[in-house]
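*Asks:* Here is how the chains run, residue by residue.
Number of protein chains: 2
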Amino acid sequence: MSQNLLVVGSVALDSIETRAGKRDEILGGAATFISLAASRFCQVQLVAVIGENDFPDEHVRLLAARGIDLAGLERVPGRTFRWAGVYANDFSSRKTLDTQLGVFASFRPKVPAAYASSKYIMLGNINPELQLAVLDAVQGGHFVAMDTMNLWIETARDALGAVMRRTDLLTINDEEAFLLTGERQIARAAIAIRKMGPKAVIIKRGEHGAFLFHEDGVFFAPAYLLEEVVDPTGAGDSFAGGLLGHLASEDRTDFAALKRGMLFGAAIASATCEAFGVERTAKITREEIDARVASLRALTSLDPT
Amino acid sequence: MSQNLLVVGSVALDSIETRAGKRDEILGGAATFISLAASRFCQVQLVAVIGENDFPDEHVRLLAARGIDLAGLERVPGRTFRWAGVYANDFSSRKTLDTQLGVFASFRPKVPAAYASSKYIMLGNINPELQLAVLDAVQGGHFVAMDTMNLWIETARDALGAVMRRTDLLTINDEEAFLLTGERQIARAAIAIRKMGPKAVIIKRGEHGAFLFHEDGVFFAPAYLLEEVVDPTGAGDSFAGGLLGHLASEDRTDFAALKRGMLFGAAIASATCEAFGVERTAKITREEIDARVASLRALTSLDPT
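So the protein sequences, as listed, match chains A and B. Quick note: the first sequence uses my numbering, first residue 1, plus one each step. Quick note: the second sequence uses my numbering, first residue 1001, plus one each step.
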């Protein structure tokens, strides 16, 4: 039976420049991409914060139209979190131009009572103290996935360690995995991370796919080959959202379920890159996702076509 | 029935520095790696040139011990081709410190009469004029694979085009594929390359695996995950050697055979990276190769373990 997925993380207004163009203050944030991607598969419950007066209603409508439960989307006085960045021409790196925490600076996640029994939880990339607060507010026995970033590895190591000890699945970029562990190869980094708590770890390599390291083995999900990339912002979060949404929809978290989920995540992540912001993520149909998953399966199949 | 593979390319003395250490004037060269890798699968016939007095006998003995036919290994007055380079700490790039063409500057490949009927030909990365000379010296009806590099794309475009029109399979790095085509994404680059002649193209991405673009579909072969890289020199050539050797051993060149061959190539390429020069490439056993191929198949399999 399909389960609910509780998502916590940032909802933001992003200003983005890539070789394909420029957009100002479009809908973004880790929790936004996770929720939109997961909403294709299961009921999503969002815990996040936005500014009282500066967050466009059309964004709220877009999330609501996808069936996302917004009871945990808090509106408080102040400005919505804003991020601005520019991508290198080959998308191999990006530079943050501006970060304005706004209402995020004093955010304390409030988990509605109706969310406390969610069986699946995705802790998007936010301060690990806030990730801990969410875990403290829900019942036990759930499957917890988390993401993190350089900032928290460098500045909030203890809290990050505490979250990791309560995490089933960590998703992390390769560079962040190296920073977190001091290792230089992903297989070694994964071994070190699993010793820190997470039973499974997915190391994301952007256009080069993602590796799952699990007690039952190692799995590699290739990225879907795109002919044009427009904006990769949120691709990693869409990947996590597709994966977690799929796990929740099947209510299975074994190795085989994680593998399948990664292909669904990769399919949605590829769509995210095809337009600015959430434009494609919000519109991709289940049929398009399934077609991309089939294509990803064929990509590594040895069977004669 | 297993067929012969004719290999042409450089036999060199390499001086290499990586984070793992430093070696001076060790056995290297594209044709060396291709031949050693392919020799695990089929009879290899080598066409190359070395200096009359400066090429250590032990290297000749090593090639002969692997059953490689050295009738086409010419010895001429002068110095053997030498290359020196240093790798970045994360192996993402390398810098050439020195190139001494030596006897390679005036090399004209001489194909022994006994090689002219070889059904498989691998044109290692050398001046395309020399690749053409080899094609002119052999009978038709064979399967031709070729590699190339930035230098020839920039300085010998016409000759390169002429070789490509007579090629069945081009293997090329992603950066070189972009330079050759002016494209920035590998799917587009592959389409452009196939219009230049090759019926199939393999775009190599180092530790990120390799894509095959073929009229029957697209296939991705992941790279074998190593816990430590010592020296990636020759990995791409070992990949091509393992692939071509496997094709020759099966005497099949259809899409499914190319897919299988890529996994064998990836298995040997990974071994090449585990030690300096040809140390591991020359020693890896068929059992070790088969174990790595099985591991590569499992890496992308959705079957429950």
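The set of hints was computed from the structure by calculation and includes no laboratory data. Where a beta carbon is used, it is the ideal one built from N, C-alpha and C, also for glycine. It is possible that some hints are incorrect.
Claimed, not checked - So the derived list for chain A, only partly shown, Cβ under 10 Å to chain B, looks like this:
| # | residue |
| --- | --- |
| 1 | E129 |
| 2 | L130 |
| 3 | L179 |
| 4 | T181 |
| 5 | I186 |
| 6 | R194 |
| 7 | K195 |
| 8 | M196 |
| 9 | G197 |
| 10 | E207 |
| 11 | F219 |
| 12 | A221 |
| 13 | R260 |
*Asks:* Next, verify each hint and record whether it holds.
*Replies:* Now for the hints, and whether the structure bears them out:
The restraint placing E129/A at the interface with chain B is violated, with a minimum CB-CB distance near 32 Å, outside the 10 Å limit. Hint status for L130/A: violated, given a least beta-carbon distance of 32 Å to chain B, over 10 Å. The beta carbon of L179/A is not positioned within 10 Å of any beta carbon in chain B (closest approach about 13 Å), and the interface hint is therefore violated. Hint on T181/A is violated. Least Cβ distance to chain B is approximately 13 Å, over the 10 Å limit.
Annotation: I186/A was flagged as interfacial toward chain B, and the flag holds, the nearest CB pair being 7 Å apart, inside 10 Å. With its C-beta approaching chain B no nearer than about 14 Å, R194/A sits outside the 10 Å limit, and its interface hint is violated. Hint status for K195/A: violated, given a least beta-carbon distance of 15 Å to chain B, over 10 Å. Of the supplied interface hints, the one on M196/A is violated, with its beta-carbon coming no nearer than about 18 Å to a beta-carbon of chain B, more than 10 Å.
The closest approach between the C-beta of G197/A and any C-beta of chain B is roughly 22 Å, which is over the 10 Å cut-off, so the hint fails. Proximity of E207/A to chain B holds as hinted, the smallest CB-CB distance being about 9 Å (cut-off 10 Å). Using the Cβ-Cβ criterion of 10 Å, the hint placing F219/A at the interface with chain B is satisfied: the shortest such distance is roughly 7 Å. Of the supplied interface hints, the one on A221/A holds, with its beta-carbon coming within about 8 Å of a beta-carbon of chain B, less than 10 Å.
About 6 Å separates the beta-carbon of R260/A from the nearest beta-carbon of chain B, less than 10 Å, and the hint is met.
Violation of the numbered hints given earlier is confined to hints 1, 2, 3, 4, 6, 7, 8, 9; the remaining hints are satisfied by the structure.
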